[in-house]
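Quick note, the sequences are listed as chains A and B, same order.
Per the UniProt record's numbering, residue 1 is the first one in the first sequence, and the count goes up by one each step.
Per the UniProt record's numbering, residue 1 is the first one in the second sequence, and the count goes up by one each step.
Mixed in with the good hints, there may be bad ones.
Claimed, not checked - Think about it this way: if two alpha-carbon atoms lie no more than 20 Å apart in a straight line, the pair counts; the simulated DMTMM-like pairs of lysine to aspartate or glutamate are:
(1) B:K334 / A:D95
(2) A:K82 / B:E130
(3) A:K276 / B:D173
(4) B:K337 / A:D413
(5) A:K633 / B:D173
(6) A:K247 / A:D413
(7) A:K225 / A:D400
(8) A:K473 / B:D173
The set of hints was computed from the structure by calculation and includes no laboratory data.
Computed from a predicted structure; not experimentally measured.
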Amino acid sequence: MRLFSYIILSLFYNLSVSQTINYSSESIPKELLVNANAVVRINDMHIEIVALRQMKITHTRVVTVINESGSKHAQAYIGYNKSLKVKNAQAIIYDSYGKVLDKKKQKDFIDVSAVDGGTLYSDSRVLFLGYTPIQYPYTISFTYEVITDNTGTIPSWVFLDGFMVSTENSSYKLDFSSPELKPNIKERNFEGYAIEREEVNGGILYRANNIAAIKEESLSPSFNKLVPRLMISPFNFYYEGYEGTIKEWNDVGLWMYSNLLKGRDELELGTVAKIKELVNDEMNDLEKAKLVYKYVQQNTRYISVQVGIGGLQPISAIEVDKLKYGDCKGLSNYTKALLKAVGVKAYYTHVEAGRDKIDFENNFPSIGQGNHVILAIPYNEKYYWIDCTSQVHPFGFLGDFTDGRRVLLIKPDGGEIVTTESYINDDNHQKTYASVRLKESGSIVGDIKVLTKGTQYDNHFYLEDMADLELEKYYKNYWKNINNLEIESYQFENNKDSVVFGEHIKVNATKYATVTDGKLLLSGNLFNNSQYVPNRYRSRKLPFEVQRGYLDEDEYIIDLPEGYAVEAFPQETSIKNMFGEYEVSYALNGNQIIFKRRLLIKKGDYVNTDYNDYRNFRREISKNDNSKIVLTKI
Amino acid sequence: MRKFPIVISILFISIQFLTAQEVKFGEVTKEELLEKEYVNDKSANAVVVYKNQNTYYVNAGGDGMLMTKVHERIKIYNKDGFDYATKSINLFKTRHDSEGVSKIKAFTYNLENDKIVETELDKNQIFKTEASYNYKQVKFTMPNVKEGSVVEFSYLISSPFIWNIDEFRFQYDIPIKKLHAEIRTPKGFKFKQTFKGSVPFYPKESAERDNRIGMNVVINKYNLNNVPALKEENYVDNIDNYRAGVMFELVSVNIPPYFKSYAQTWKDVAQTIGNSDDYKNELDKSNSFDDELDILLANEDDQMGKMKSIFKYVKDNITWNGIDGKYFYNGLKKTLKEKKGNAADINLLTVAMLRYAGIDANPVIISTKENAVPFFPTVDRLNYVLAYAIINDKPYFLDATEEFSDVNLLPIKDYNWRGILIDNDSMKWDLIDINSPNKAQRMANLELTLNEDGTSEGKCSLRYTKHAAMDYRKEYKDKNEESYLTDLETRFNGIEVSNHETRNATTFEGPVSEFFDFFDENASEIINDKIYFQPLTFLKKGENPFKMEKREYPVDFGFPFKNTYVVNIKIPEGYSLESKPETILMKLPEDMGAFKYVINNDDNMIKLLVNYEINHSKIGADVYLYLKEFYKQIIVKESEQIVLSKI
């Protein structure tokens, strides 16, 4: 039986190796050049899971770079570390006729630390080709082999590299030496694409040809949500010293807890005593947790040092206690340890962080998902979330970095997928009050109060820590519709318990109103003037989304200069549609104009054909926000 | 690297001795820890309480080494100051040699229960990284840092690159309370010092015997107190030009009977570079390109034509590898073979070819904007070379590295300061001004019809010259038409564009023109049967780029320019002009800039002419308030309206 499967396999190899390529750029099918800065001619990944502790990867990538913007798609680099060895990296560069221009061996590649700006140290490294193109188009063929003991994470696959790049041939082949080593494979976004799949005993192959480039359009979902791709994760594996078997998320949690977390939350007795003293006679667990979180926020800071177990294991709580810094893993584990010391339960939680919400896959357990760690504190049948890398966020408030998405709780008895707190539509509220005195010269003096909640709180509360010069820049940009704006004073009130941020600002500006022929023209929407209109596309291709939505309410009182009366108000407007609601009204009260506005933008996923309607909605808003009140001298 | 006779380095004899320090390591006071803000700058997140830098020579196994001892104490006021608890030391390296750091000592101090608590940096929290092929980094971050902490560290850098003394920097992006720096150089080695920045300081010079090297040394000491933070501003050429500091350059070695002079005047600099092998010998080897050039030049009769075709040939055939340089990276032969090279490979090849064609051509060495202004005669601080030709007594500058550069139209980075002409043949070494490009023009012509419903439509034609054209070409390059139009519509206030055409944008010569038809739904407002319309419509600037109250450094526009807008407006039938903005003319002092807004009308036509020009690429901070006011008036004027009323 085993012999038989090998025979099939070898046939299989011959089939795919026999494809030949013409390295000339002329041979690229026309439809692949539309909107493409680069064409991936061949992208062949071959993965062999030889044994529980051995995986071989052979990758060939041939890319024709059409122009300078396409250079980033050449991707002639490979990351490695102590447990992942790179062999036989080489590159050949061809001109547009397919003639060889240059050949590079592994020793010609540049070998540097893979540390980015935000990391103090990492033991990951990267080998890359420093090549200056001398003409466009050119073609670069890049091949390498990788050998690793780790079978816990298996390279995933995308059939298209990104926006503005097309694919001519893409194949992903995976062989495994025994049925237990057959991984879990999930296909995503295959609809509308002709992707071949062949499965034999001990192997699986995916192949796709001629996938046209996708042009990036504003408000579209992230590329990941559009691209046909494969996710691959093993059921049985070995990773950095530990074997594992995962069939469901519970197993992932258990594996992580017992191998990476267990025992790392010990603390020195002195620290335990200190933290107990800190919470003193507080009995309520939630209140205790707040005190501990505050202590962590005041005494530690975020520093990223990535060494050891693939960036998965936190440094011990004792170590963080000594250094008073750590990365998300270290600080979360430390906080969890402190909470434990005062008898409060908390769960270490893996999450995919970023403004773009990305969920953990429900039926696809793996150790490779997530890029950040937060804590969940269970209390009264509810989870309270904290991000221990932030020194400023209120307790229980995540902001738009980790909100509203499926995450993995790691409990001592296993893992569990839950969703973090969401901030949707009117949760993200901004209320602006202002009283304004308008002078005959067109100048204004204003007194403004802005209250923000939800994600709008997240966008405003950092003002509290800003330097004067930065604040001056901020407000002059925030109210850029008011030329000649001067900031007189500001005061902030950050209510962390109710998560409301208050700003009180006094401003003035000369010539806000235009003086024309004894008349004053001014827009009544002084302090929340939406000039945003999404880009126009002649034919919109992609769907679009509003991930969270928000509600803005404004109420301004404008004192007229003496001797002036309202000649005309702009039209009152009220719009309601699938995207949201917009209302604006003007009223006269003695010598005062009362301006009111309400704008609700709803969370939603929309199809491409709705885009124009949304754009028109925003344009209507922008137009109304800019409409002028006319005042005449009596 | 310069080579020195071994005799000199043998003179170094190693003996230890102590240097006096004004502020002792570890003697942190409670007052320092209690301090809540810096009185002189309350916006400072952290402050350098004290910095001591000591640079001197020692003997290390027969070779001289340049040592730099640093002691730094920093007070951290708040969370935004935590970045200053992380130290990153860059160590320069070549294939053979490398700088090193040792004796890292670092402590954090906190006040806990009214007691000073020290935490020492653990040695295994010091990380070393190969950052790139020419430098490595040693990084660490301090333990136990919180708001109010004081951190202190000291370390010793040893450098085998003994004649390259790094610039002493006396100003950071946080303020400095007290700074002491000292440099000891062996007597007979003359280092020229150049001071920069606007913070005054006065070095004290003395001499003594240094037993570490067994020589007399010259000591220069710098003491500065309360140095303000160096703050970022927009439109700045290179902030390093304004940072307080001192730069060192070896100008001569005089240890009788040995004497040698190094760059002292710009003429010396020119000679040093001119006498290098690259400029003296390699530059005139034409055998690698003569055949091809003969064919290329066969059809050109005059020198002008020859120059242009050589320039185009180099641009078309050789790609810049992104590396600056005044000396060859590949050399002429390899550059031609591989079709790529650094700035020197490309522009010296241009010189060589021009010479072969019989044109009077020479290299001009410069320092680009990214490399800051050199400030004093120096070889090391020049990083780039241009080709320079004279035809019929007229000068021509060429830089063939950039795709859209042209003759006398260099990339903006080249216009930094001056250039050093190296004319080996006629033994001429001159300093030439290259600090400002010629004036560029942007012209727009609108034929606009205003409709009764408040919309407008019409034709727009635009024309860009010189650097404005270069900017356009870079922006337009590789964009597909649809994406370009999307951006264009967004930039022009959401008008709808059709029949768009761009001419001459993919070459590098001459002006670029652009034509399109437009429809503007939001062109005007109708209130009470009156139409209010801003006549400059979507061409208006809209926002003052200079909003801040104060300015520290000159404003760098990159190039001088003149924008001219002509708008011919046809008003809808049944409407008459009720009022229009007034014509005005404004000027900046000393003819630095002007703004003209002229509006006329007859029957159903209104004609607007706007001229807006800035005559210098750089405008000093002393006239910033005028500039701010100038833009303010422009914005106000642009927002004024024409009022049309129904007849």
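Discussion item. Flag every earlier hint the structure violates by its number, smallest first.
Written reply: 3, 4 and 5
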